[in-house]
Amino acid sequence: MIDDLERAVEAMLFASDTPLDPRQLAGRFGDAVTPGQVKAIVEAIAARHAGSGIELVERGGHWHFQTPADLAHLLRRERDDPRKLSRAAAEVLAIIAYHEPVSRAEIEAIRGVQTSKGTLDVLMEAEWIAPAGRREVPGRPLIYKTTDAFLQHFGLTGRKDLPGIDDLRAAGLLDPVDLAFEEAMGELDLVKDGEEA
Amino acid sequence: MIDDLERAVEAMLFASDTPLDPRQLAGRFGDAVTPGQVKAIVEAIAARHAGSGIELVERGGHWHFQTPADLAHLLRRERDDPRKLSRAAAEVLAIIAYHEPVSRAEIEAIRGVQTSKGTLDVLMEAEWIAPAGRREVPGRPLIYKTTDAFLQHFGLTGRKDLPGIDDLRAAGLLDPVDLAFEEAMGELDLVKDGEEA
Amino acid sequence: MNELALDFEGTPTAPDHDDALRLSLESWEGPLDLLLTLARSQKVDLKQISILALVEQYLAFIAGARELKLEVAADYLVMAAWLAYLKSALLLPKDPLEDPSPDELALRLQLRLQRLAAMREAAARLLARDRIGRDVFLRAKPEGLRDVKLRRWDASLYDLLAAYGQVKLRTEPVVHMVSRRPVVTLDAALHHLERLIGVQLDWAELSAFLPSDYAGPLRRSAIASSFVAALELARQGRVELKQEAAFEPLFLKAAQTGYQSA
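Residue numbers (my numbering), protein chains in the order written: chain Y, 1 to 197; chain E, 1 to 197; chain F, 1 to 262.
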């Protein structure tokens with residue numbers, strides 16, 4: 001049977017929003033108990049909870065309840081949240097893959113537009129790119145390269161697996177969108193002329 | 001020695017900022033344990049803490065740790081000021097709890113006065129009551145019920161725990177006046193018949 | 001009961017002290033609330049209450065309030081009128097044909113008071129329970145159970161290559177390739193139109209002047225060139241142009257006066 005004083009100290013430590021020391025705890029009882037007596041009680045409570053899912057721990061003379069560190073993995077549950085890479089991020093990733101190692105300024109020069117810091121962060125979070133030191137030019141900018149995880153994700157054995165510019169052109173990936181549009185319209189015109197004839 | 005599963009369940013209940021039910025707890029272990037197994041473990045934990053300064057209690061099927069009520073005088077501080085309810089709000093809350101689900105018109109029939117808009121708002125803001133659909137009668141009035149937060153706040157395991165609800169029901173005091181009236185008249189008739197015989 | 005002390009400032013006190021029933025009309029939540037308080041002052045179970053005595057108490061209270069020139073809300077007066085009717089009905093000899101009977105009305109009133117009293121007591125018992133934050137306390141700062149979303153980025157090799165293609169394209173030096181197309185020159189159109197205008201006497205559509213063997217892009221070019229040629233001839237005063245409205249066909253004929261084609 002747990003005595004009343006021990007119950008009271010336990011409840012105080014539980015409900016407190018800050019860690020408490022024996023002096024503060026004793027103060028709640030007026031002059032009925034000394035900090036020394038309270039300290040012994042606190043230690044008894046800690047011993048009673050040892051090995052359970054609740055721990056009473058001392059930090060700089062103050063005591064507080066917490067959950068054991070070895071159970072932390074149960075208290076945070078992880079869930080997959082797949083997201084589609086943005087067009088801008090895909091461009092930056094491609095530039096790094098084709099030109100690595102490159103600095104942010106070089107990426108911007110190739111893309112022709114500014115690249116937000118967030119885009120590189122996303123690619124680093126995905127672990128597809130990593131910093132690869134600094135370029136020895138004024139300002140010593142950070143340079144980036146792709147990672148092994150990048151090769152794995154995109155099913156490449158090495159960087160030389162990436163199709164060359166000529167391959168891209170042959171695959172139609174270098175056709176400007178508006179040129180393709182014009183061609184489609186030209187075909188329409190031919191059909192109309194045919195009808196008129 | 002407390003086993004690993006019990007430690008883990010105890011830590012989850014202790015760390016959680018909301019009461020948990022066995023299904024939620026079991027969910028955190030994947031398919032390793034059933035809610036039924038978890039329920040037995042939770043009850044074992046509650047038994048282990050009984051009589052200490054920390055109690056594990058059930059409220060509407062959900063469990064949480066709290067301090068025992070008899071230690072309130074040691075833990076209450078001046079800033080602790082639970083929502084002070086007006087007499088009207090307390091009455092409306094009781095009527096909803098004992099009659100749920102009820103419409104505003106039914107509440108007003110019992111109280112004999114109109115319910116000001118603010119009264120229901122206060123109870124909804126405290127999250128003690130919530131709309132529970134509409135009554136399928138002309139006008140389709142909104143009906144209200146109490147919530148799990150209501151059970152937690154007032155320390156009720158479930159609705160059957162409402163003070164005196166069995167006596168009130170047995171006495172017919174939860175029946176509408178019309179029904180009670182017909183029953184009373186029926187009894188009177190029986191007495192009269194008896195007298196005539 | 002006839003010495004009702006009316007206190008308009010103070011708070012309502014427990015209704016049990018029937019010799020000192022201090023109240024202000026504002027402190028009651030309607031006539032039923034007042035009736036219940038008065039009923040409680042009879043100090044009997046609501047089941048045994050004397051409705052007749054209760055009615056008299058209520059009417060005395062309202063009369064007292066009016067003597068003091070208090071404004072009495074309409075619903076209290078409606079209840080007073082109804083109770084006055086109930087009182088006289090209860091006092092008169094029973095009329096078996098009257099429906100509903102005064103006894104039934106009294107019973108209904110009694111049932112309503114019982115129900116309100118039951119809920120009022122239930123509310124008091126509810127509020128007296130061990131409440132969180134007043135009697136029992138939770139952990140002030142629980143660690144909390146967290147659901148952590150692991151973001152996983154998704155892209156295909158195609159996305160990557162297509163993106164690179166677009167970058168290359170956007171930044172390549174722009175070279176305009178103008179392909180050579182079959183055209184009818186302005187000179188040719190002018191010559192052709194000059195020749196025909198001499199033959200045509202009346203208004204004729206511009207398209208009538210086009211050579212019939214032009215087809216496809218060449219025909220479009222011929223329309224454009226002939227139009228410019230027509231404008232040129234009009235400027236020289238050699239043809240007249242007319243159009244009924246915008247986008248209508250353009251008509252032309254040789255100018256009436258002046259220059260004759262050689």
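Treat the hints with care, since some could be wrong.
No farther apart than 20 Å at their CA atoms in a straight line, the calculated lysine to any residue pairs in the SDA-like style are these [to be verified]:
#, chain 1, residue 1, chain 2, residue 2
1, E, 39, E, 21
2, F, 253, F, 205
3, E, 160, E, 182
4, E, 117, F, 131
5, F, 149, Y, 118
6, Y, 160, F, 124
7, E, 39, E, 157
8, Y, 84, Y, 170
9, E, 39, F, 145
10, E, 145, F, 242
11, F, 253, F, 231
12, F, 141, Y, 21
13, F, 47, E, 132
14, E, 39, E, 2
15, F, 149, E, 157
16, Y, 145, F, 128
17, Y, 160, Y, 140
18, E, 145, E, 73
19, E, 39, E, 60
20, F, 149, Y, 59
21, E, 84, E, 73
22, F, 141, F, 128
23, E, 160, F, 124
24, F, 47, E, 169
25, F, 141, Y, 71
26, E, 160, E, 132
27, E, 84, F, 128
28, F, 149, E, 2
29, F, 242, F, 196
30, F, 168, Y, 170
31, F, 168, Y, 88
32, E, 117, F, 159
With the C-beta cut set under 10 Å, the calculated list includes, among others, these residues of chain F facing chain E [what the hints assert, rightly or not]:
#, residue
33, 33
34, 75
35, 136
Chain F is faced by these chain E residues, among others (derived, beta-carbon under 7 Å) [unchecked claim]:
#, residue
36, 61
37, 62
38, 66
39, 91
40, 157
If you're looking for bench data, these hints aren't it; they were derived computationally from the structure.
Glycine included, every Cβ here is placed at the ideal spot set by N, Cα and C.
Here is what the structure says about each hint:
| no. | hint | in the structure |
| --- | --- | --- |
| 1 | E:39 <-> E:21 | holds, 8 Å |
| 2 | F:253 <-> F:205 | holds, 9 Å |
| 3 | E:160 <-> E:182 | violated, 27 Å |
| 4 | E:117 <-> F:131 | violated, 25 Å |
| 5 | F:149 <-> Y:118 | holds, 18 Å |
| 6 | Y:160 <-> F:124 | violated, 81 Å |
| 7 | E:39 <-> E:157 | holds, 15 Å |
| 8 | Y:84 <-> Y:170 | violated, 27 Å |
| 9 | E:39 <-> F:145 | holds, 19 Å |
| 10 | E:145 <-> F:242 | violated, 83 Å |
| 11 | F:253 <-> F:231 | holds, 12 Å |
| 12 | F:141 <-> Y:21 | holds, 17 Å |
| 13 | F:47 <-> E:132 | violated, 34 Å |
| 14 | E:39 <-> E:2 | holds, 16 Å |
| 15 | F:149 <-> E:157 | violated, 34 Å |
| 16 | Y:145 <-> F:128 | violated, 68 Å |
| 17 | Y:160 <-> Y:140 | violated, 28 Å |
| 18 | E:145 <-> E:73 | violated, 32 Å |
| 19 | E:39 <-> E:60 | holds, 14 Å |
| 20 | F:149 <-> Y:59 | violated, 31 Å |
| 21 | E:84 <-> E:73 | holds, 19 Å |
| 22 | F:141 <-> F:128 | violated, 26 Å |
| 23 | E:160 <-> F:124 | holds, 17 Å |
| 24 | F:47 <-> E:169 | holds, 16 Å |
| 25 | F:141 <-> Y:71 | holds, 18 Å |
| 26 | E:160 <-> E:132 | holds, 19 Å |
| 27 | E:84 <-> F:128 | holds, 12 Å |
| 28 | F:149 <-> E:2 | violated, 31 Å |
| 29 | F:242 <-> F:196 | holds, 18 Å |
| 30 | F:168 <-> Y:170 | holds, 14 Å |
| 31 | F:168 <-> Y:88 | holds, 14 Å |
| 32 | E:117 <-> F:159 | violated, 57 Å |
| 33 | 33 | holds, 7 Å |
| 34 | 75 | holds, 8 Å |
| 35 | 136 | holds, 4 Å |
| 36 | 61 | violated, 17 Å |
| 37 | 62 | violated, 13 Å |
| 38 | 66 | holds, 4 Å |
| 39 | 91 | holds, 5 Å |
| 40 | 157 | violated, 12 Å |
Violated hints, in rising order: 3, 4, 6, 8, 10, 13, 15, 16, 17, 18, 20, 22, 28, 32, 36, 37 and 40; the structure is consistent with all others.
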